[in-house]
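S.K.: These are the residues of each chain, in order.
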Amino acid sequence: MTTMKYTPRQPDTNVNVTPTSPLKDFFVLSGALLAIAVAVFFLLGFAVDFVIPYISQETEKKMFAIFGNMAEKKAAFPEKQRKLQALLDTIQRDCAKLPYEFKVHIKEADTINALAMPGGHIIVFTGLLDKVASENELAYILSHELGHYANRDHLRGLGRALIFMTISAALFGTDSSIGNMVGHGLSISEMSFSRKQEKNADEFGLVMLNCTYGHVGGATDFFFRMSKEKDPGIFGHYFSSHPENQDRINNINLLIKAMGLKKEKLKAF
Amino acid sequence: MDLIIFLILLALGYTAGTIAEKSHYRSIEKRERDLLRLPAITMKRIPYSVGRIQSATMVHGSVVISVDYFKRLLAKLRNIFGGTIKSYESLVDRARREAILRMKEMAGNANIIVNVRIETATIGKNAHRKGVGCIEAIAYGTAVVVKK
Numbered sequence: 042m043t044t045m046k047y048t049p050r051q052p053d054t055n056v057n058v059t060p061t062s063p064l065k066d067f068f069v070l071s072g073a074l075l076a077i078a079v080a081v082f083f084l085l086g087f088a089v090d091f092v093i094p095y096i097s098q099e100t101e102k103k104m105f106a107i108f109g110n111m112a113e114k115k116a117a118f119p120e121k122q123r124k125l126q127a128l129l130d131t132i133q134r135d136c137a138k139l140p141y142e143f144k145v146h147i148k149e150a151d152t153i154n155a156l157a158m159p160g161g162h163i164i165v166f167t168g169l170l171d172k173v174a175s176e177n178e179l180a181y182i183l184s185h186e187l188g189h190y191a192n193r194d195h196l197r198g199l200g201r202a203l204i205f206m207t208i209s210a211a212l213f214g215t216d217s218s219i220g221n222m223v224g225h226g227l228s229i230s231e232m233s234f235s236r237k238q239e240k241n242a243d244e245f246g247l248v249m250l251n252c253t254y255g256h257v258g259g260a261t262d263f264f265f266r267m268s269k270e271k272d273p274g275i276f277g278h279y280f281s282s283h284p285e286n287q288d289r290i291n292n293i294n295l296l297i298k299a300m301g302l303k304k305e306k307l308k309a310f
Numbered sequence: 069m070d071l072i073i074f075l076i077l078l079a080l081g082y083t084a085g086t087i088a089e090k091s092h093y094r095s096i097e098k099r100e101r102d103l104l105r106l107p108a109i110t111m112k113r114i115p116y117s118v119g120r121i122q123s124a125t126m127v128h129g130s131v132v133i134s135v136d137y138f139k140r141l142l143a144k145l146r147n148i149f150g151g152t153i154k155s156y157e158s159l160v161d162r163a164r165r166e167a168i169l170r171m172k173e174m175a176g177n178a179n180i181i182v183n184v185r186i187e188t189a190t191i192g193k194n195a196h197r198k199g200v201g202c203i204e205a206i207a208y209g210t211a212v213v214v215k216k
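For the protein sequence lines, the chains are C and Y, in the order given.
Add 41 to a position in the first sequence, counting from 1, and you land on the number used in our numbering.
Add 68 to a position in the second sequence, counting from 1, and you land on the number used in our numbering.
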């Protein structure tokens with residue numbers, strides 16, 4: 042048997058590992074993913090905007106009857122709820138005249154916010170009620186929410202949220218780090234979208250307030266007081282999706298001037 | 069808040085993973101040089117006459133290496149677009165070479181290891197629903213001591 046000469050040596054290069062920059066790879070891939078997600082999100086978002094005018098208020102009421110059922114169960118603050126409902130009914134009957142049957146629900150939470158849910162259900166958090174000083178302030182906040190109904194923002198927001206959740210769940214499953222990453226990227230682009238909606242709702246609210254009381258006193262009071270309060274913290278939901286308070290006050294004051302409205306004495310709540 | 073935790077995990081995964089990988093490669097290369105005198109080959113036949121063989125024993129070495137958070141994310145992204153998962157290549161390479169080194173270390177004063185085989189397996193793939201993501205490489209062969 043003949044033997045070969047064996048010379049042990051180490052290979053100079055490693056063919057099994059591609060020389061690559063993992064950071065660059067990461068940014069390229071996640072950037073591409075984010076771009077695709079944003080594109081799909083906006084395309085479908087426009088589809089939602091396109092469809093919404095064709096959904097009648099009747100259909101909306103049927104589609105989202107579940108919200109009413111959910112909120113119906115507990116009337117935690119009957120006295121306050123009755124007052125709020127009366128105030129809302131006055132605005133709706135005399136001024137807004139929107140094709141909805143509005144119902145106010147009070148929910149116990151520290152959140153300083155009010156929500157416009159589909160089907161005409163307005164949810165007011167106790168955190169907001171605690172901060173309000175006059176009926177005019179409250180009427181303005183309710184009118185602002187009515188503005189969302191007038192522009193049907195509540196459906197838009199819901200439609201987009203639905204699209205995002207669908208994309209995220211289809212791509213990565215319900216609980217995943219990439220889903221969260223893309224979600225954060227999208228919610229930043231969504232924010233500017235909702236700021237425009239807030240401004241439109243502010244304008245609508247102002248007109249309603251003037252119609253109800255004959256003046257717009259109290260419109261900026263709430264935001265003024267909020268802006269005086271210290272740092273709302275990371276969990277101040279109200280502040281994250283609503284335009285900066287000072288910007289908002291300025292904007293409302295500009296509108297008041299442009300429309301030639303005046304401020305007068307406030308009513309207590 | 070979630071985003072902050074996510075970014076910290078990502079940065080931690082990247083730095084810790086890179087440091088660990090670099091030091092492991094340094095150690096692998098040094099030990100490979102030291103053990104160069106002991107050939108490990110895939111041939112089944114022994115290149116010596118039977119009379120010269122003093123002993124033949126089975127030797128093996130195995131290692132488990134875990135993937136870091138950053139590499140895992142990179143691989144997940146690759147899963148969407150397709151292509152070679154480069155971030156896992158170095159992981160498998162390290163595991164295979166480490167396994168061979170451990171096998172050689174087990175062989176002690178043997179002259180040659182023949183019939184070397186390398187196998188890989190994934191471990192803890194479905195533990196707690198989220199994959200732990202480690203790879204095991206095992207190398208085994210027959211260590212032969214030859215009479216002088």
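Calculated from the structure, these hints are not laboratory results.
Check each hint, because a few of them may be wrong.
To be verified - Label pairs and their calculated CB-CB ranges:
(1) C:Lys124 x Y:Ile73: 28 to 34 Å
(2) C:Thr59 x Y:Arg105: 43 to 49 Å
(3) Y:Lys112 x C:Leu64: 42 to 48 Å
(4) C:Ala210 x Y:Ile73: 20 to 26 Å
(5) Y:Tyr93 x C:Asp66: 16 to 22 Å
Claimed, not checked - Okay, derived cross-link-like pairs now, SDA-like style, lysine to any residue, Cα gap no bigger than 20 Å in a straight line:
(6) C:Lys65 x Y:Val214
(7) C:Lys46 x Y:Lys154
(8) C:Lys298 x C:Phe265
(9) Y:Lys154 x C:Val58
Every residue gets a Cβ at the ideal spot worked out from N, C-alpha and C, and that includes glycine.
S.K.: Decide, hint by hint, whether the structure agrees.
M.R.: Okay, the hints, checked on the actual structure:
1. For C:Lys124 and Y:Ile73, the Cβ-Cβ distance of about 43 Å falls outside the hinted range of 28 to 34 Å, so the restraint is violated.
2. Take C:Thr59 and Y:Arg105: their Cβ atoms lie about 31 Å apart, and the range 43 to 49 Å is violated.
3. Take Y:Lys112 and C:Leu64: their Cβ atoms lie about 45 Å apart, and the range 42 to 48 Å holds.
4. C:Ala210 and Y:Ile73 have their C-beta atoms about 21 Å apart, which keeps the hinted 20 to 26 Å range intact.
5. The hint said 16 to 22 Å for the Cβ distance between Y:Tyr93 and C:Asp66, and at roughly 19 Å that hint holds.
6. The suggested pairing of C:Lys65 with Y:Val214 is violated, with an alpha-carbon distance near 51 Å, which exceeds 20 Å.
7. A threshold of 20 Å between alpha carbons decides the hint, and for C:Lys46 with Y:Lys154 the separation of about 36 Å lies outside it, so the pair is violated.
8. Our distance criterion of 20 Å between C-alpha atoms is met by C:Lys298 and C:Phe265, whose separation comes to about 18 Å.
9. At roughly 7 Å between alpha-carbon atoms, Y:Lys154 and C:Val58 fall within 20 Å of each other, so this suggested pair holds.
Going through the hint list in order, the structure does not satisfy hints 1, 2, 6 and 7.
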